[in-house]
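There are 6 protein chains.
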Amino acid sequence: MTKLTHIDANGEARMVDVSGKPVQQRTAVARGEIRMAKETLRLIQSHEIAKGNVLATAKIAGIQAAKNTANLIPMCHTLPINHCEIEFEFPEAGDTISITSTVKVNAQTGVEMEALTAANLAALTIYDMCKAVDKNMSITNLKLVSKTKS
Amino acid sequence: MTKLTHIDANGEARMVDVSGKPVQQRTAVARGEIRMAKETLRLIQSHEIAKGNVLATAKIAGIQAAKNTANLIPMCHTLPINHCEIEFEFPEAGDTISITSTVKVNAQTGVEMEALTAANLAALTIYDMCKAVDKNMSITNLKLVSKTKS
Amino acid sequence: MTKLTHIDANGEARMVDVSGKPVQQRTAVARGEIRMAKETLRLIQSHEIAKGNVLATAKIAGIQAAKNTANLIPMCHTLPINHCEIEFEFPEAGDTISITSTVKVNAQTGVEMEALTAANLAALTIYDMCKAVDKNMSITNLKLVSKTKS
Amino acid sequence: MTKLTHIDANGEARMVDVSGKPVQQRTAVARGEIRMAKETLRLIQSHEIAKGNVLATAKIAGIQAAKNTANLIPMCHTLPINHCEIEFEFPEAGDTISITSTVKVNAQTGVEMEALTAANLAALTIYDMCKAVDKNMSITNLKLVSKTKS
Amino acid sequence: MTKLTHIDANGEARMVDVSGKPVQQRTAVARGEIRMAKETLRLIQSHEIAKGNVLATAKIAGIQAAKNTANLIPMCHTLPINHCEIEFEFPEAGDTISITSTVKVNAQTGVEMEALTAANLAALTIYDMCKAVDKNMSITNLKLVSKTKS
Amino acid sequence: MTKLTHIDANGEARMVDVSGKPVQQRTAVARGEIRMAKETLRLIQSHEIAKGNVLATAKIAGIQAAKNTANLIPMCHTLPINHCEIEFEFPEAGDTISITSTVKVNAQTGVEMEALTAANLAALTIYDMCKAVDKNMSITNLKLVSKTKS
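Protein chains in written order, with the working numbering: chain A, 1 to 150; chain B, 1 to 150; chain C, 1 to 150; chain D, 1 to 150; chain E, 1 to 150; chain F, 1 to 150.
Excised from the complex, chain A in its bound form (with noise of 0.2 Å):
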């Protein structure tokens, strides 16, 4: 295991130079889950057939943190990306939303933390707009589940 890059020979935070990378096309895709009782999901699932809001929300909020990942995590890069993706699945069990998010970009350096990011802000966003109806909502399991480049 070699050393944490983002700490310097004096073990002060710092941000990776990328000067030397080459620009590539890179891809990252994250997935989370928010946890809630099943009727909280019910009554985003029938709005969502109605008219989809709160998951629609939760979308723009994701994209909208894939965006702004330089600002909130200090030693990311600032990254102009090409697409970011958040995709909603519902599993069996009916008390869960899995989140996932796909970020790309053509920079010198991935968009792992975008993708975690935007995942992230998409629960958050979720878990605010049914809190009034669910006290007990949690989000979970969030990781990178694929980084590629070409």
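Derived by calculation from the structure, the hints in this document are not laboratory data.
Errors might be hidden in some of the hints.
No copy is singled out in the list; a pair is fine if it fits within one copy or between any two copies.
With a Cα cut of at most 27 Å, we get these calculated BS3-like pairs of lysine-lysine [stated by the list, open to error]:
| no. | residue 1 | residue 2 |
| --- | --- | --- |
| 1 | 38 | 21 |
| 2 | 143 | 21 |
| 3 | 149 | 21 |
| 4 | 147 | 21 |
| 5 | 135 | 38 |
| 6 | 38 | 143 |
| 7 | 135 | 21 |
| 8 | 135 | 149 |
| 9 | 147 | 135 |
| 10 | 147 | 38 |
Computed from a predicted structure; not experimentally measured.
Dock chains B, C, D, E and F against the given chain A, drawing on the hints supplied.
Below, chains B, C, D, E and F alone, put in the same frame as chain A:
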């Protein structure tokens, strides 16, 4: 279970009108975890003992996120918070950092989203600073611990 | 007609000092229109019936803009607004969306710029989401409808 | 008329993937108007001759808005623009300022939203700075003038 | 000399909890200087007499920075300021612009950082607008002039 | 001495058009100082040895400011920087921290404003974190050290 307060009569997203609510001292506490390889945690902690900067950076990111919550979560109100505190604990298993955030405000609405957002961005910042040495971290069990007013 | 309040004695831009003004409940309503091909409006509305997302996205952009007005308009004060509501109407001609924004605050100064900015960004967002199918839209007749305090 | 490019197969808002588009020099020009009492325009212009600061402030607000467009309009890409220019003209009727914005970028997508947003925020800033003396201004006829690439 | 209030018991950065402090009318004044070639100052001033725009732009940047201080300085509280004024003076030597910023707020904590940040960003903006003609400018002697409450 | 590049033919502020400039690797170095009581510096350094967090916080603020320069300085271009490094030195007199910032970018224009802004915000953050124990600090001698391209 009542209706979703952020959805208006036509099912579209809306901001809750807090005009009629009293200004009160409000506090919210949220907690989440980031899981990692034991070796990753050992690296963070040995740096922490020497210089503490992974966690110092995460703490700053969390506090900045708490102040910035209304820009990140569409239906949140802008709240000039009085305090945000981020604490890290290290459960015995040796593969987890537990992150607790406490946010206080004198306002017409509460700060649970600020507390959740602070813990979440602190976790994402730890992820960012360690991702070069650990590709399998996850952020999990993020939930509200308490919400009080007086 | 009195002098321009944002221009100081030397003709330079200045922020108005609101220190001596009372905190009051203040409301402002603004309205504007976006004009488009009838076919474009039909497409938005058919989507709106199904999922409502052009207007849902525009509504979110408008609310976020209301919260963010002081960053956009140099001499505006930062105001933690209590409420922002965006409503869409469809005049009979079938080529126009009318956008009405209502903003409320308890503060020492009013929120007409927040209301105007919210309606404006909602209109720009509709424009953005439809520009691939309609190159001839226009945003027009944006004005203040009312401004009250109590 | 083709389908709305910002709406995905399920009718939800989405960001357009520009990964496959070439980087090109792209320019967009937008124009809008703000209408006011003749006396208001006379006040602005007499200040403009002396110090020019209503229009100077509006110009800065427009340029800042062009750089900030992706934070304001949810499905816009972050574009590091090469240039933004704001020009004011005064049609003969004496009750209107015509605002023309020109934005340039080397990027994979165009800048019409940046140009429209710049003209719009310049108009809102003029409104803000004159609203104490004129309660009946309106912002109108905002549209794209041209969009080119090379 | 007491302990650093922004450092907690373990030496980590923390935000000061202002919950217990009274809302008061607070004012802070800061001052700094930018030094340049006499010819540069002459150019600014001749433009200032005609159009005043180097200083007009700097003034706007300073005011925007005062409103935005909590996003720039990690442990600062978000404060909705009542007023920010930036004044320029030209000491007799002819190679210096003295920048004085005054910030007012009704809040639980003071605005010295807002005043210092405003003066600083005004100076940086002057630097930016003149750097093509003068490579040897410096920003200097930035300090707090006064801090009062009532 | 040539004319001010940010002022257009009518004396109004303008953004420089960088469309015709080549993308090059550009580096800028800036340096500034913060002066304080010797006892203040001793407190920072004893904390720095133990936990380093005044300087760690200042470093993060400086890096975030470098990424955010175009939002702070009106005529600056948005530049996705490759690297920002902040270094602290302690001249022998014992009452000064010297702050050196280095910023790199592959872009059509240079990053001296990013380097100056980074050093400046790092200094302001040190000021903020020490102001409870030292009312007489000053920020001084901020200037460009070098600017290169290749």
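Each hint tested on the structure:
1. For the identical chains of this complex, residue 38 and residue 21 are neighbours neither inside a copy (47 Å) nor across copies (30 Å), given an alpha-carbon limit of 27 Å.
2. With identical chains, the CA atoms of residue 143 and residue 21 are at most 27 Å apart within one copy only, with a shortest distance of 25 Å there and 30 Å across copies.
3. Taking the closest pair of Cα atoms, residue 149 and residue 21 come within 27 Å of each other both inside a single copy (12 Å) and across two copies (17 Å).
4. Taking the closest pair of Cα atoms, residue 147 and residue 21 come within 27 Å of each other both inside a single copy (16 Å) and across two copies (22 Å).
5. Within a single copy, residue 135 and residue 38 get their C-alpha atoms as close as 13 Å, which meets the 27 Å cut-off; across copies the closest is 33 Å, which misses it.
6. Taking the shortest alpha-carbon separations for residue 38 and residue 143, both the intra-copy value of 24 Å and the inter-copy value of 17 Å come in at or below 27 Å.
7. For a Cα distance limit of 27 Å, the shortest separation of residue 135 from residue 21 across copies, 20 Å, qualifies, whereas the shortest one inside one copy, 46 Å, does not.
8. In the homo-oligomer, the alpha carbons of residue 135 and residue 149 lie at most 27 Å apart only across protomers (16 Å), although the nearest pairing inside one protomer, at 41 Å, exceeds that limit.
9. In this assembly of identical chains, residue 147 and residue 135 lie within 27 Å of each other by CA distance solely across copies; the values are 10 Å between and 34 Å within a copy.
10. For a Cα distance limit of 27 Å, the shortest separation of residue 147 from residue 38 across copies, 23 Å, qualifies, whereas the shortest one inside one copy, 33 Å, does not.
Hint compliance for this structure: hint 1 is the single one not met.
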